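Trainee: The listed protein sequences derive, respectively, from chains V and A.
The opening residue of the first sequence carries number 630 in this note's numbering; numbering runs sequentially from there.
The opening residue of the second sequence carries number 47 in this note's numbering; numbering runs sequentially from there.
It should be emphasised that the hints constitute simulated quantities derived from the structure, not laboratory data.
It is possible that part of the hints are untrue.
Cross-link-like lysine-lysine pairs, in silico, BS3-like; alpha carbons within 27 Å at most [as the list claims (entries may be wrong)]:
#1 V:K671 to A:K103
#2 A:K103 to V:K730
#3 V:K742 to V:K671
#4 V:K630 to V:K730
#5 V:K730 to A:K117
Quick caveat, the model's predicted, so the values are computed rather than measured.
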Amino acid sequence: KQEVTQIPAALSVPEGENLVLNCSFTDSAIYNLQWFRQDPGKGLTSLLLIQSSQREQTSGRLNASLDKSSGRSTLYIAASQPGDSATYLCAVKRGSGNTGKLIFGQGTTLQVKP
Amino acid sequence: DTGVSQDPRHKITKRGQNVTFRCDPISEHNRLYWYRQTLGQGPEFLTYFQNEAQLEKSRLLSDRFSAERPKGSFSTLEIQRTEQGDSAMYLCASSPQGWDDTQYFGPGTRLTVL
């Protein structure tokens, strides 16, 4: 059974700091992995999708990496800003991809202090 | 706005009542998903449609839950005889079919069962 874990559950950093959020999964047979951002009481905003054959994806100040063999992904945020404060969720899609199901971690709540 | 929309945004109901939620996906997306999210947790998959066909259902989707997607456009999620444990955020997402099947989420419907 695929399980997704995100540690830490909460993180507080000063503005301008570079930071890394961690995501681990128990079954390396994934189709892709997606990172999302969620603001309080809102829906999810897709940040990056990494296919199982890829090692990393970049969008602006965000860089996501994937190491299937070790069951890990990281989301790197450069030069953090107060507007980055949110909960960050990772989710994996298993196997051959003939499923709609994303399996989510519990998220890391980030606070960036001015 | 060409994103995923959901209606209503908030619903308060009494235990035992029936409720129905609507989701309008991004127009060119043929895949549609429903998830449920409780406070402090990541979303949990409920069901998945490709066009009008319901291809996957979670065991979380008890007999009281039913989802439809007539004509492969909008979708409805109905909960019959609501229970307090049904209180949650119900999220809808859509995606295109293909290699990049990034799921795009709507704002969610917050259900409170009294």
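Trainee: Quick one, are K630 (chain V) and K730 (chain V) close enough, alpha carbons at most 27 Å?
Mentor: holds, 13 Å
Trainee: Tell me if the straight-line CA distance from K742 (chain V) to K671 (chain V) falls inside 27 Å.
Mentor: holds, 21 Å
Trainee: Does K730 (chain V) sit within 27 Å of K103 (chain A), going by the straight-line distance between their CA atoms?
Mentor: At roughly 9 Å apart (the allowed maximum being 27 Å), K730 (chain V) and K103 (chain A) satisfy the hint.
Trainee: Check the hint pairing K671 (chain V) with K103 (chain A) against an upper bound of 27 Å on the C-alpha distance.
Mentor: Status holds; Cα separation ~24 Å.
Trainee: Next pair to validate is K730 (chain V) with K117 (chain A); report whether the Cα-Cα distance is within 27 Å.
Mentor: Distance ~22 Å between K730 (chain V) and K117 (chain A) Cα, so the pair holds.
Figure legend: structure checked against the earlier numbered hints; every hint is met.
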